[in-house]
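> Here is how the chains run, residue by residue.
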Amino acid sequence: MLKTLRLTALLAGLATAGLLSACATASTTASSEPSAKALPLGSDGGVDAKTEPAPFASTYKPLPSQLTAIVGAHILTATGEEIESGTLVMDDGKIVALGKAVAAPKGAKIINAKGLWLTPGIIDSHSHLGVYASPGVQAHSDGNEATDPNTANVWAEHSVWPQDPGFNRARAGGVTTMQILPGSANLFGGRSVTLKNVPSITTQGMKFPDAPYGLKMACGENPKRVYGHKGRAPSTRMGNVAGYRSAWIAAASYKRKWEDYRAKIAKGEEADPPERDLTNDTLSGVLAGEILVQNHCYRADEMATMIDISKEFGFRISMFHHSSEAYKIADLLAREDICYATWADWAGFKLESYDGIAENAAIGQRKGACVVIHSDDPIMAQHLNQEAAIAMAAGNRLGLGITRAEAISWITANPAKAMGIGNRTGSLGIGKNADLVLWSGDPFSVYSTANQVFIDGAKVYDRNDPRFQAQSDFELGQPGEEVHP
Amino acid sequence: MNRRILLAAASALSLIAAPALAQSLAIINAHILSQGPAGEIALGTVLIKDGKITGLGANLAVPNGTRVIDAAGQIVTPGLILPSSNLGVSEVDQVEETRDDGAGDRMGAAFDVQYGVNADSALIPLARLGGVTRAVITPVLGRGGEEAHKDDGSDDFSGSAQDGKASLFAGQIAAASLASGSRSPVFKAKIGMALDLGEAGADYAGGSRGAAFVLLKSALDDARHYAKNRKGFDAGASRPYPYSREDMEALVPVAEGRVPLLVRVHKASDILQVLKLAQEQKLKLILDGAEEGWRVADAIAKAGVPVLVDAQADLPGSFETLGARMENAGRLNAAGVVVAIMGSRDYTNLRQGRFNAGTAVSYGLPYSVALASVTINPAKIWGLADKIGSLEPGKDADLVIWSGDPLEVTSYATAVIIQGQDQPMTSRSLELAKRYRPDADKDYPPAYR
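Quick note, the sequences are listed as chains X and R, same order. Note that numbering that gives the first Met the number 0 gives residue 72 to position 73 of the first sequence, counting from 1, and the numbers run on in steps of one. Note that numbering that gives the first Met the number 0 gives residue 51 to position 52 of the second sequence, counting from 1, and the numbers run on in steps of one.
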């Protein structure tokens, strides 16, 4: 015991003396090691977020892949196209050819996909995997920093447990990319993080390189209930709105101070840097258009209020989440180019979701809005194709004529757009990341399963090959191991 | 505006006309999946009189004066049965005033869910549009709410199931019809007793399973003792019981093996303990959840105990569901266990039952069993199969005409009939959808539509 303590103390001493700096700056090749660029020791870190390397940088590296042609698949591109028998060629992690009359290149591995369907990888834009990990015990309850209505200073990635078995289950359901969000207890819940659904020891190893951050905001019942119960503001919806506006006023002032400071430095003038604060770093990032607002908001009237707040302070809302009443203001959302994420017909569990309807997505689709089906649930995440199918069928029962080519975008291209990664994933096209799901049949059928899943061209799941069925460390040696999930 | 008035007039007419439709009815050109001895009939007729099925077959003559519905080759099944739900006793999860699915801390076994069933629940028409014609209503411990949507903070911030600690027993179970306009939706009450074991039960027993099982055995012993000593009890000459008189009364038929005990239990070791206890005490047992049931499927089958399964449950969501797998329903069935499939208790997810049955097909459950698991199996499990669950002469005429495969996510009910009565094919949700459909008239606000 004493020995250990001494050793720890010694190491700490060495670190402060700079003797370990070689380790800290040496290039790290193991993908399990964080490789955030370190400042030279002794320099003045943490002053200006703009001029310093991004902390917690992605160390993601694609798994091994090879030149592959998927031949004869029924393809939904999520760009509106449906190809009944087509070929997709991927090389070095990218889609390099796609179409009806594409020939498999020489030397390519051929996957005979006759009778199978091919879609982009599923993107779950509202996930709490890792932050509310399984098993759902108190020790894993890391999703809501419910100690202040404004916790824009927290980052979901610091709560993610990469060993959450839910990641593997979601991958078996075709999910290749997820936005992990803080919960909705707070007006400002914190930063989201976009992850590639690859097994990794560290969260950095899952981070989608260069994906923009999101800011989780929440309307309505949750913040007012949580803080009202604590006898503090907000306890009403008007209290919620006062809370948002006060925070944006502070953020705008913070942003101005930093802009003044940077302008002076740029001109070669002397200036003292303003004091940095993590909350306003995030909020000013939204005002600068670098961080995307992901807003939990159920009711139509509240969404309209949030849009007005965004105009008052000059930022954009990227997507409303849950948005049970989005269909009532689908025109407005289409005009403002704000996506909305919802379920098929999970509704009525609280009063602000009482008017949720299965036709929500389909009505928005017909009104030209950017519609997303999300899960917010580790079980539904495994069946987002079914959820989209239910929403599509409800629209068609109403006579809206929603096609599969349209509905597939609800769980692929549209969430990618709302998360700021639509130029890289979420649809099938030349140059896009080869994030794919090869389904056993029509993905809008209850009987279809994800047979093979690819991320950046690498096979990450195969239903028929245990070698491609990743298992969390947590599940090793546990009951049920013999039936691999 | 004129169109609106005309529509209103039309629906008023159909309401007036409805009772007259009842007498005799024939569904012709139906692809019948009867779930009964008639099996599958590729193209046939179902005859209905006075709310009962009077015949079904491929070449049935339709008597004169019978109203005819042409199914045009569509699939016809028995009405679906929710094997465990809170339909009609819980309207909005997080609005406590609308919850009647738990006793709170006032009582335990005596709690009788039948008295809270609200025939006007907006969720009943919604479930009916999903082909559900009957629901078994099972109470939950405390005031319920455990299934509440996590992101909405209820797990973290509000009380719910742990509010009251009156009893291990959640209370008495009832079966209800979803027929429109019914003034007495409950058609059979006190059909079972609900009990939580595992982590939830342990919590109610003070924190551990060792306490929960001892308390359970002792309660059953007390109930049997009480049954023989009612007079002594009334005269104040009885050993003390920890439960009230009304709780003891409710437990008597369970302890005597006349009424089934529905046990919510999850991990294999708990399931085995429950099976042992039921055998010792000669209880009639139904398992609910049983995520690790597949690991002890042989023991469950040997005991002849049926299981209510959520076929999507495959996460190690707690330390008692580490072995949860989507293969559960398929493997239980293969071992010879009678399986009913349920959806989540979570409100509009009531529709999930039939889709879960479809999902189970991809994980080893034969299609025919999957359909049975939402029709005849729940009827058998709850002792209701003499009236419902299959299309057979003499049974109630509860049936659904489907747009396609009833277990398929893109299919929906095109007609629902309960006891021979056509059900209105609408719901509050559908009315909202129609009010806001993209081609709706925009001169006035939606409130006028």
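These are calculated hints, taken from the structure and not from any lab test. Quick caveat, the model's predicted, so the values are computed rather than measured. A hint or two may mislead.
As the list claims (entries may be wrong) - Covered, in the sense of this in silico footprint (three residues per stretch, anywhere, with C-beta under 8 Å from a C-beta of chain X), are these stretches of chain R:
| no. | segment |
| --- | --- |
| 1 | 91-101 |
| 2 | 104-112 |
| 3 | 191-200 |
| 4 | 309-316 |
| 5 | 427-438 |
Claimed, not checked - With a straight-line cut-off of 30 Å between C-alpha atoms, the simulated DSSO-like cross-links for lysine-lysine are:
| no. | chain 1 | residue 1 | chain 2 | residue 2 |
| --- | --- | --- | --- | --- |
| 6 | X | LYS366 | R | LYS433 |
| 7 | R | LYS51 | R | LYS227 |
| 8 | R | LYS441 | X | LYS366 |
Stated by the list, open to error - Here are some chain R residues pointing at chain X (derived, C-beta under 8 Å):
| no. | residue |
| --- | --- |
| 9 | LYS230 |
| 10 | GLU291 |
| 11 | ARG294 |
| 12 | GLU326 |
| 13 | VAL368 |
| 14 | LYS379 |
Don't be surprised by glycine CBs; every beta carbon is placed ideally from N, CA and C.
> Now tell me, hint by hint, if it's right for this structure.
Quick rundown of the hints versus the structure:
1. Evaluation of the coverage hint for the segment 91-101 of chain R: fulfilled, as 4 residues show C-beta separations to chain X shorter than 8 Å, against a requirement of three.
2. For the segment 104-112 of chain R, the stated coverage by chain X is violated: 0 residues have a C-beta nearer than 8 Å to a C-beta of that chain, whereas at least 3 were required.
3. Under the rule that three or more residues need a Cβ within less than 8 Å of chain X, the assignment of the segment 191-200 of chain R is violated, with 0 such residues.
4. Beta-carbon proximity to chain X at under 8 Å applies to 6 residues in the segment 309-316 of chain R; the threshold of 3 is reached and the given coverage holds.
5. Coverage of the segment 427-438 of chain R by chain X holds in this model, with 8 residues showing a Cβ closer than 8 Å to a Cβ of that chain against a need of three.
6. For a cut-off of 30 Å, the pair hint linking LYS366(X) to LYS433(R) stands: about 14 Å separates their Cα positions.
7. At most 30 Å may separate the alpha-carbon atoms for a hinted pair to count; LYS51(R) and LYS227(R) exceed this at roughly 42 Å.
8. For the proposed pair LYS441(R) and LYS366(X), the alpha carbon gap of about 14 Å is at most 30 Å, so the pair holds.
9. For LYS230(R), the interface hint is violated, the least distance from its beta-carbon to any beta-carbon of chain X being 48 Å, above 8 Å.
10. At a threshold of 8 Å, the smallest CB-CB gap from GLU291(R) to chain X is about 6 Å, leaving the interface hint in force.
11. Hint on ARG294(R) holds. Least Cβ distance to chain X is approximately 6 Å, under the 8 Å limit.
12. Checking GLU326(R) against chain X: minimum C-beta separation of about 6 Å stays under 8 Å; hint holds.
13. The interface hint given for VAL368(R) is violated, since its Cβ lies 15 Å from the closest Cβ of chain X, which is over the 8 Å cut-off.
14. Below 8 Å, beta-carbon pairs count as interface contacts, and LYS379(R) has none with chain X, the closest being about 24 Å; its hint is therefore violated.
Checked against the numbered hints above, the structure breaks hints 2, 3, 7, 9, 13 and 14 and satisfies the rest.
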